[in-house]
Amino acid sequence: MRRDHRSAILGVHWALILALVGLQVVVPPFHHTLLARIMVLAAYAIGYNLLLGYTGLMSLGHAMFFAAGMYGAGLPLFYLGVGAPQAFLLGIAASLLLSVVIGTLTLRTSGVSFLIVTMMFAQVFYLSTLYFNRITLGDQGFVLAGHLPPISLGALRVTLSDPVMRYNLALATFAVCLGISLWLVQSPIGRVLVAIRENEDRTQMLGYNTFAYKLLALTISAAIAGFSGSVYAVITSYVGASFAAILYSIYPLVWTLLGGSGTVLGPFVGTAVMTYTIETASRFTSSYLIVVGVILVALVMRFPAGIVGAFRRRWAPWLP
Amino acid sequence: MGSVAAVTALLETRALSKRFGGVEAVGSVDLRIERGEIRALIGPNGAGKTTLVSMICGRIAPTSGRILFKNREITRTKAYHRVAFGIVYTFQISSIFKHLTAFENVALAVQRRVGGLDRDVLAREVGEALAHTGLAGARDRPAGSLPHGHQKLLELSMAMALHPQLLVLDEPTQGLAREEIGAVSRLIQSVAGAATILLIEHNMQVVLDLSRRISVMDRGRIIAEGTPAEIEANREVQRVYLGP
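Read top to bottom, the protein sequences are chains S and X. When the letters of the first sequence are read in order and numbered with this note's numbering, they come out as residues 1 to 320. When the letters of the second sequence are read in order and numbered with this note's numbering, they come out as residues 321 to 564.
No wet-lab data here; the hints were simulated from the structure. These figures come from a predicted structure and were not determined experimentally. In this text, a Cβ means the ideal position worked out from N, Cα and C, and glycines have one as well. A couple of the hints might just be wrong.
If you want the ones that stay clear, here's a sample from chain X, every Cβ over 10 Å from chain S, calculated [unchecked claim]: (1) S337; (2) A456; (3) R532; (4) P548; (5) V557.
Result set (EDC-like, lysine to aspartate or glutamate): computed pairs, CA atoms no more than 20 Å apart in a straight line [what the hints assert, rightly or not]: (6) X:K418 with S:E198; (7) X:K398 with S:E200; (8) X:K418 with S:D201.
Just chain S, same shape as in the assembly:
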């Protein structure tokens, strides 16, 4: 990362945030809602990308961190009537705690074993949400409408059920996670994570405790997943076990690969492209997943490094 590119890097990422700020006034309500969802899910993918793209660890269990954030925020909102800010903190804390335990156990493995072990733990988590259905209400889930007290910011009262508020909550979540990701991958920590991805043995012989760094990457990744999970629960007003199922572990993997793993903007681009592809295809045919599948295969064959990865290779090698 040369000094002369720093302003360009900041410029590109600020441009995206400002574009998203501006879009809410011009797009119709349907896209308004869709964009809000995309931004929160992109934040989830950003967390996933820190682990896959920068540390080289492919997890197939991130749904448990997403759902831990969702339940960690949703259950206290639903049963205890806490405020939304407290709920977000509880959601983050839940996934953070879970990731420390899971990480300590699973990071003894790597490669395919890590993939399988994380998937198994996530299945345990998913089945637990079904087993304790008296609390979680299982598959059916629960609706948060009526459980979201307005937030008071001084004289300002913020109502979270208002679409404008939801959009901007999603945007703030996305911006924070994008900022964390951008800062982290350019920091000394990010340099070590990339080194672990490239050659863990060598990194250790340079004097780095690679286990500790991998655990750090996993907990940050999980905390971001938990944060986005808790925000997703609030903006959709719904918490359910389906978000803990394996599909929600596969999604961030696909979004990240499609957008470009190991690029800061890739997760957003991947999430946006895929969500819009599904939306568009489902309008024309009921077997839209076939269309989505074909497009995915074509994209991955054309751009094996992902969309942003291909862009970076050709036009902007300085992009982090």
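Please arrange chain X on chain S, whose structure you already have, making use of the hints.
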């Protein structure tokens, strides 16, 4: 503790052994390296040299025996802690980060020592390290695209940037052209003032140029130790290298 020698030894192994299943790769090795020396470790392929230094660096755990660094027990110490103590290893097969630039490679080593939060300090130290090995021009090139000789030099830059007290070099001239060997030799000589060096090397010219003390390994044991002249005259060594 009383003797002078015990105080000056930088590294000491006592009855250090490693068994892989039924094979004894290293058997009861007592090795003493004094501060400031360039010690050569030679021996035929499969003698156990790399296994021995791997135990010293903490890449593999010994089956039995002890390792002392500056009179401190490090037998069970993790490899990354030993790097912090000053034991630095360069790999036999060049093991740089091929997809990262030369700058990033050396930055990883510098950052281990200075922290890396101050970008200016980092850039300056990396620049100096690259200039020292003549790689300043390769700063922003992916390490994997450098010629083999330059990759070896980069590996040495990384090792030196860690400011080692004991630098373990595993065949640093392997696969290099003659003029490149000269450059690596001079580089090792230039580090020797600041660091003690343990050098595994097959090229006898390099060994004789650099080192005043040689240890010879065969079948997991140290069979001879002494000055180059003593080693050349040693019957056991002749038998190992030339056959009975």
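Against which earlier hints does the structure fall short, listed by number upward?
Those not satisfied: there are none.
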